[in-house]
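Asker: The primary structure of each chain is shown beneath.
2 protein chains.
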Amino acid sequence: MARVYNFSAGPSMLPLPVLERASREMVEYGSSGQSVMEMSHRSREYGEIIAHCEALLREVMAIPDNYKVLFLQGGASLQFSMVPLNLMTTGKADYVLTGQWAKKAIEEARKVGQVNVVASSQDKTYSYIPNIPREACDPQADYFYICYNNTIYGTAFQEVPDTGSVPLVADVSSCFLSEPMDVSRFGMLFAGAQKNFGPAGVVVAIIREDLIGHAREGIPTMLDYKTHADNDSMFNTPPTYAIYVCGLVLEWLKSLGGLSAMAAINREKAAILYDYLDSSSFFRGTVERNSRSLMNVPFVIGDADLEKKFIREAEAAGLVNLKGHRSVGGMRASIYNAMPVEGVRALVAFMKKFETDNR
Amino acid sequence: MARVYNFSAGPSMLPLPVLERASREMVEYGSSGQSVMEMSHRSREYGEIIAHCEALLREVMAIPDNYKVLFLQGGASLQFSMVPLNLMTTGKADYVLTGQWAKKAIEEARKVGQVNVVASSQDKTYSYIPNIPREACDPQADYFYICYNNTIYGTAFQEVPDTGSVPLVADVSSCFLSEPMDVSRFGMLFAGAQKNFGPAGVVVAIIREDLIGHAREGIPTMLDYKTHADNDSMFNTPPTYAIYVCGLVLEWLKSLGGLSAMAAINREKAAILYDYLDSSSFFRGTVERNSRSLMNVPFVIGDADLEKKFIREAEAAGLVNLKGHRSVGGMRASIYNAMPVEGVRALVAFMKKFETDNR
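Sequence order for the protein chains is B and R.
Letter by letter, the first sequence follows residues 1 to 359 of the numbering used here.
Letter by letter, the second sequence follows residues 1 to 359 of the numbering used here.
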């Protein structure tokens, strides 16, 4: 068996030990006589699995006690609606426009209330994180919304914006668990699992308790955070197996040394790739240096035929899913937690050879 | 390894060959070098998996071409809202109240428009399927809603109600794929996967095309069936792995001979259990004979201490999750597709012995 290095933006690589354990436990989990997939979500066995996953997440991220951890469905895309339906209590919020996912979040929020776009990087294909002019921000806004890491464009906030008393809400889907984060600086964080956390089909929301319970009247019960908070994510059947795999990923992360250790590895991987891009006169990174993501690295050659050739030959060499998003073009290497350093080294070695052969 | 017979109402048993194959393919699917969990949902490999799953479902259920098959998230509970938000075009619908899930659907629909409850079995703890008086039905209703099989109470419609030109919408979560169903009689069917189809975290909706595209203005994009229909269930990342397992279940079902063969097995299993219940003076089924479900069989002894003892001793004998829902009490055996005939035989043998020992 030859596992490929998968640079997909998501769903994406999972740690091999996690997959091996999931494989071993598929037919019978422990001595339960059942697969985790078969367990009643109300059973003692499954109750332990979901509680263990939440406890590990709280430990690894140092989530303060006054935050709820919710396992939800519908991906980040449904959060784009749930955030305003639950948090836009007076009817207005500030948003930063840093790419397609922020744009979609803005579109959904506009259905609920008044959206104030305080900063944007649309002028340069979202290739940088804009400064946020303090005077553009509304100190009375219900919340302040950012997409922390922009998967498509390869940009990331380098520090948590100071929003004063306005709760900061962040879509952290593509940087979740990649480095330590001070949860107390946020009103709410949410992340689709399918990058650094587990399989597609579960989204985790971490919400300060005082922000729960103020949803618009008459919204679907399933869209109210209170529904899920009051029922420990068990109002209806949660995506039980996906949550189990998330727990396995957290065990792996903890065994590596937690988020500080993970961040060091991620910085090493990103440096290998960015240093090469900065030294190359053939490949070029598309993002401004002070806005670079640790997770998603878009780059171009500037010749569409050569880029096609690169992607094709890389795939043949076991380096897959390197095609960039159509809005940026070129290539994109997503180097999430589960991508080993060797994978990035293999990519850079391949790029060097391609540069030599095709310059 | 001793696999238990799991009588859970859902999530519930999966066919052993499906679990074994999922285990084998967990680390690498085919020669892809990846787990299905790691595949980009936009990749060729995954595109084949989801297309294969839909094609098998269409084949097994003989779904007419003018119906869309959508793989969604949020469980049946989110469908309780999506149905009225999409289909209540003039603002009124007829509902039959046959239990807790129908009740929840009614509550969500009342947030959207006028609900006309045309029949109810609430008077006898939902232990029967009520007759639907034709004069109670509104020929101008936007749709007519039923919960086809009532998991908690063990009742099921024995035939598809004739609703004339009013589209029939049915929650078939707990009888999905248990027997042939004439899809053309319905405007829409939906089912949470976690009973007969696959892991929790995916819900399938089968909708006649002309019913799509009339959603309330301003609803969240994710709640509009058109969003998902126009994007082949790929508007955002679908629950990729859960859909893959659903495909494996369909392959198993097809290998058994499809829905007719499955129905024969299900009828055999149900007959073994109901025949014993009818012959016993110790155990008693709680459902009227002409309303019995093939999938969920609640029964009581009528002595709370003996019932506790039964559940405890059954579990020790490898017959698990037999506790009834708190609203009915006693016991409930859910005997979904993946429960082998031997499991039902083992249950009845255990019941006979328990009856002898405790009468």
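Treat the hints with care, since some could be wrong.
[Unchecked claim] With a Cα cut of at most 25 Å, we get these calculated BS3-like pairs of lysine-lysine:
1) 226(R) <-> 111(B)
2) 92(B) <-> 308(B)
3) 103(R) <-> 226(B)
4) 308(B) <-> 352(B)
5) 103(B) <-> 226(R)
6) 92(R) <-> 104(R)
7) 226(B) <-> 111(R)
8) 104(R) <-> 104(B)
If you are wondering where the hints come from, they were derived from the structure by calculation, not from laboratory data.
Asker: The structure should be examined with respect to each hint, and the outcome stated for every one.
Answerer: To see whether the hints hold, each was checked on the structure:
1. Under the criterion of a C-alpha separation no larger than 25 Å, the hint pairing residue 226(R) with residue 111(B) is consistent with the structure, at around 17 Å.
2. About 45 Å separates the Cα atoms of residue 92(B) and residue 308(B), which puts this hinted pair outside 25 Å; it is violated.
3. A hinted pair counts as satisfied when its Cα atoms are at most 25 Å apart, and residue 103(R) with residue 226(B) qualifies at roughly 20 Å.
4. For a cut-off of 25 Å, the pair hint linking residue 308(B) to residue 352(B) stands: about 16 Å separates their Cα positions.
5. Taking the CA atoms of residue 103(B) and residue 226(R), the gap is about 20 Å. The hint holds against a cut of 25 Å.
6. At roughly 17 Å between alpha-carbon atoms, residue 92(R) and residue 104(R) fall within 25 Å of each other, so this suggested pair holds.
7. Under the criterion of a C-alpha separation no larger than 25 Å, the hint pairing residue 226(B) with residue 111(R) is consistent with the structure, at around 17 Å.
8. The straight-line distance between the Cα atoms of residue 104(R) and residue 104(B) is roughly 30 Å, outside the 25 Å bound, and the hint therefore fails.
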